[in-house]
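Visitor: Listed below, chain by chain, are the residues.
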Amino acid sequence: MRILGVYNIKGGVGKTATAVNLAYLASREGLRTLVWDLDPQGAASFYFRIKPKVKGGSKKMLRGKIDLDDLIKGTDFENLDLLPADFSYRNMDLLLDEVKKPALRLLKLLRPLSYEYDLIFLDCPPSISLVSENIFQATDALLVPTIPTTLSLRTYRQLLDFVANNKLDSLKIMPFFSMVDRRKRMHIEMLEQLPKHYDELLTTHIPYASDVERMGVFRQPLLEYASKGPAVTAYEALWAEVRAGISL
Amino acid sequence: MIKQQEERFSIPDVIHPDEIVVAIQNSRSLLEDPSTIVVRTFLDSFDWRLYSRGLSLWTERRDGVSRLCQNGIPELGPNAWITLPGAAPRFSDDIPPGQIQESVAQPLGVRALMSQVETESQVRSLRLLDSAEKTVLRILLEQNGSRVSGTGQYRFCGNTIRLLPVRGYPKPLSRIRKLLRSKFGLSVAKDDLQDEALQAIGREAGDYSFKLSFNFDPMLRSDLAARQIHLYLLGIIERNIPGMKADLDSEFLHDLRVAVRRTRSALTQIKGVFSDFELDRFKSRLAWVGQVTGPTRDMDVFLLGFGQYRESLPQKFRDDLNPLHDFLTKHQKMEQQILVQKINSPHFRKLLKEWRLFLETTVDEQADTPPDATTPIGQLANRRIHKMYRRVLKHGSAINDESPAESLHDLRKECKKLRYLMEFFQHLYPNKKISRLIRVLKELLDNLGNFQDLEVQADQLREYARQMVEERETPHDTLLAMGMLVDGLLRRQQQAHLEFSERFASFSRPRNQRMFRALFASGSKGGKR
Ligand SMILES: Nc1ncnc2c1ncn2[C@@H]1O[C@H](COP(=O)(O)OP(=O)(O)OP(=O)(O)O)[C@@H](O)[C@H]1O
Ligand SMILES: [Mg+2]
Numbered sequence: 001m002r003i004l005g006v007y008n009i010k011g012g013v014g015k016t017a018t019a020v021n022l023a024y025l026a027s028r029e030g031l032r033t034l035v036w037d038l039d040p041q042g043a044a045s046f047y048f049r050i051k052p053k054v055k056g057g058s059k060k061m062l063r064g065k066i067d068l069d070d071l072i073k074g075t076d077f078e079n080l081d082l083l084p085a086d087f088s089y090r091n092m093d094l095l096l097d098e099v100k101k102p103a104l105r106l107l108k109l110l111r112p113l114s115y116e117y118d119l120i121f122l123d124c125p126p127s128i129s130l131v132s133e134n135i136f137q138a139t140d141a142l143l144v145p146t147i148p149t150t151l152s153l154r155t156y157r158q159l160l161d162f163v164a165n166n167k168l169d170s171l172k173i174m175p176f177f178s179m180v181d182r183r184k185r186m187h188i189e190m191l192e193q194l195p196k197h198y199d200e201l202l203t204t205h206i207p208y209a210s211d212v213e214r215m216g217v218f219r220q221p222l223l224e225y226a227s228k229g230p231a232v233t234a235y236e237a238l239w240a241e242v243r244a245g246i247s248l
Numbered sequence: 249m250i251k252q253q254e255e256r257f258s259i260p261d262v263i264h265p266d267e268i269v270v271a272i273q274n275s276r277s278l279l280e281d282p283s284t285i286v287v288r289t290f291l292d293s294f295d296w297r298l299y300s301r302g303l304s305l306w307t308e309r310r311d312g313v314s315r316l317c318q319n320g321i322p323e324l325g326p327n328a329w330i331t332l333p334g335a336a337p338r339f340s341d342d343i344p345p346g347q348i349q350e351s352v353a354q355p356l357g358v359r360a361l362m363s364q365v366e367t368e369s370q371v372r373s374l375r376l377l378d379s380a381e382k383t384v385l386r387i388l389l390e391q392n393g394s395r396v397s398g399t400g401q402y403r404f405c406g407n408t409i410r411l412l413p414v415r416g417y418p419k420p421l422s423r424i425r426k427l428l429r430s431k432f433g434l435s436v437a438k439d440d441l442q443d444e445a446l447q448a449i450g451r452e453a454g455d456y457s458f459k460l461s462f463n464f465d466p467m468l469r470s471d472l473a474a475r476q477i478h479l480y481l482l483g484i485i486e487r488n489i490p491g492m493k494a495d496l497d498s499e500f501l502h503d504l505r506v507a508v509r510r511t512r513s514a515l516t517q518i519k520g521v522f523s524d525f526e527l528d529r530f531k532s533r534l535a536w537v538g539q540v541t542g543p544t545r546d547m548d549v550f551l552l553g554f555g556q557y558r559e560s561l562p563q564k565f566r567d568d569l570n571p572l573h574d575f576l577t578k579h580q581k582m583e584q585q586i587l588v589q590k591i592n593s594p595h596f597r598k599l600l601k602e603w604r605l606f607l608e609t610t611v612d613e614q615a616d617t618p619p620d621a622t623t624p625i626g627q628l629a630n631r632r633i634h635k636m637y638r639r640v641l642k643h644g645s646a647i648n649d650e651s652p653a654e655s656l657h658d659l660r661k662e663c664k665k666l667r668y669l670m671e672f673f674q675h676l677y678p679n680k681k682i683s684r685l686i687r688v689l690k691e692l693l694d695n696l697g698n699f700q701d702l703e704v705q706a707d708q709l710r711e712y713a714r715q716m717v718e719e720r721e722t723p724h725d726t727l728l729a730m731g732m733l734v735d736g737l738l739r740r741q742q743q744a745h746l747e748f749s750e751r752f753a754s755f756s757r758p759r760n761q762r763m764f765r766a767l768f769a770s771g772s773k774g775g776k777r
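The listed protein sequences derive, respectively, from chains A and B.
So in our numbering, spot 168 of the first sequence is number 168, and the numbers just go up one at a time.
Numbering-wise, our numbering comes out as the position in the second sequence, counting from 1, plus 248.
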């Protein structure tokens, strides 16, 4: 089982779109895939038409009073399941603070699922907190959708610092450009310059496309209602690159 | 929590599947996807190694995409699958790595997967939706047909409805189940599609097994019992011929050879039930089958064990054996061709035909009967087994460390005869006791087998080395590596020799002797208590 976090300190960069579409592609290739919607806003749950509600809330879950197994819902797609969001996730930080070895809590909860799933995506809320630290500990790799702007680059460096300071050396970081708008000069420049400085940068980037926005209208993964177009091609390429990157 | 299993119901012919759809539609919001055709090919080894462990494996083709699917492993949940890029796998090694591969590799061993039956299903897929139009239950209506793989027309084998629960939504499943029961009287199907498909082509899963399992009455006339045994063995021979000719895997030939060996042993060991004239007609011709199948089997044995041979050498010499592998592969193919010619020859076909005719001809009650033809088989079995046992005991006890190899070889032959006898008549004796004695005998036989086979293999390797040099330039390093193999074999053979006395002592220890006597010594009474 591999665990992939989709994370950025910044909000609105395409994390949820990435988690949902890559998970969909993975499941279509026969990988038993789970998405955990960790964002109390429940965007991923919304895309799968599943109520953002978890029996007992995060309290029971984090204290080990209820198995994750019993909270999982099947999506409309074969091999693709969801662990829904819950409004109580907004207090997860406080709750984590109360348990033993808080930074390792999520990993501990996820471990029993290793027989059932080949791949788990964690769709993370923005910001750095105890929750994100948990995510770094639990994941094999962190996908970091990044909008090609100087400001985004700053937050990416913050993330690298955090990882270095917390001795998370085994964590594989996989940043890629997201919502790329070729009409914007800064985007083009960043696309040209940055690969020289960041070896870990994936070669695929996701273009800005109204197709992707419509996920909210259709409440479906992109590939379910659009069979071609630049965004579809980009997500397919991204998935191939990620799959190879985690040797799955 | 184990994932909820799908539920499958047979629809009797009197109910039209449309009626069911209408009934569900009346109460729920239902979405119908385009219907498809699904072709499934159920795979197993010839001797049903997966089925006998509760596993099933099949390929599934729909809309031009193929999958390899599996059922029967709780951790994988129902119907695990992977996409299948190429042709259906032949050996477990051909399956892409992963849990499916791991779970079938061990049960299959060296056996090939073959298609046992093929089905074609017209599938209507319906989805039950909740208020957010999310799928909460999948309903598949399937009209199934089956045929022997790749040949002939599909024969109708039933309409079914399958309910595939969506995880975390148990209620819709139980609601629809209830509706199917109350409105249409449907209940969960006992068989799965594979079973139904096999039935429709007149077969059933597990219909070939190499195991001997007879069940005749101890009072049955011995000539009739012998015929039953022979007919069963002949069936095994005949059924293995197609797979052996096609060289699907090495075990067809293996099973055929063992069946011939058992037949020959039964001919001479179940004594006095056929006339000498009849015996002579078949004995030498059956021996001929043993001979002509030998060379291919020898090559198979080396090829099957090649990995182990390789690993018995230090790492740096292993690749030196590659030319030997090439040689074996090439010669296996050549021998196989020769073998197929022999099997296709009139001589062989006539032998099987006459043998069957003889076995199936009704016994002429009037004619001169051979001495033991009418003896109850329970009695004859006792007598024969006891006699052979005493012979093994006597000859085995006479062997010491100085005895010539021949005496061990002879003892092995007698032990084999004893073993076959005990296996033919196993069911006439209390199961626990006879199983134990067979096991004890097998342990001795393993030792004797090692002693003989390892030397034979060493000699064969030396012979192969000579042939390789004659056929083409062979690197010295290869010959040296083969020399190391010969050395290893002979060492192990020596080891077997040293172990013999201990093994024999264990075989012949008083407790076992008493047990043998108790089971078989009552020559005149016979039978099960
Ligand atoms: N490639 C894209 N092109 C156009 N719009 C996009 C693209 N990717 C995402 N969007 C849209 O941008 C918005 C934010 O995307 P998304 O929810 O995936 O980001 P996020 O990082 O998960 O946000 P949050 O931090 O709020 O969780 C959504 O409305 C989405 O439809
Ligand atoms: Mg999000």
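Everything labelled a hint here was simulated from the structure, so no lab data went into it.
Fair warning: there could be bad hints in the mix.
Using C-beta positions, here's what the derived DEER-type ranges look like [claimed, not checked]: (1) T149/A - G346/B: 28 to 34 Å; (2) V313/B - D211/A: 52 to 58 Å; (3) D735/B - D67/A: 42 to 48 Å; (4) N679/B - G56/A: 34 to 40 Å; (5) Q273/B - R214/A: 27 to 33 Å; (6) T331/B - G245/A: 16 to 22 Å; (7) S277/B - I188/A: 14 to 20 Å.
If you're wondering where the values come from, they're calculated on a predicted model, not measured in any experiment.
For each residue, glycine too, the CB sits at the ideal point set by N, CA and C.
Visitor: Now look at each hint and say whether the structure bears it out.
Guide: Hints, one by one, checked against the model:
1. T149/A - G346/B: 28 to 34 Å: Given a distance of about 41 Å, which is not inside 28 to 34 Å, the answer is violated.
2. V313/B - D211/A: 52 to 58 Å: violated, 24 Å
3. D735/B - D67/A: 42 to 48 Å: Because 58 Å falls outside the window, the suggested range is violated.
4. N679/B - G56/A: 34 to 40 Å: Since N679/B and G56/A have Cβ atoms about 54 Å apart, the given range 34 to 40 Å is violated.
5. Q273/B - R214/A: 27 to 33 Å: holds, 30 Å
6. T331/B - G245/A: 16 to 22 Å: Because 20 Å falls inside the window, the suggested range holds.
7. S277/B - I188/A: 14 to 20 Å: violated, 48 Å
Violated hints, listed in ascending order, are 1, 2, 3, 4 and 7; each of the other numbered hints is respected by the structure.
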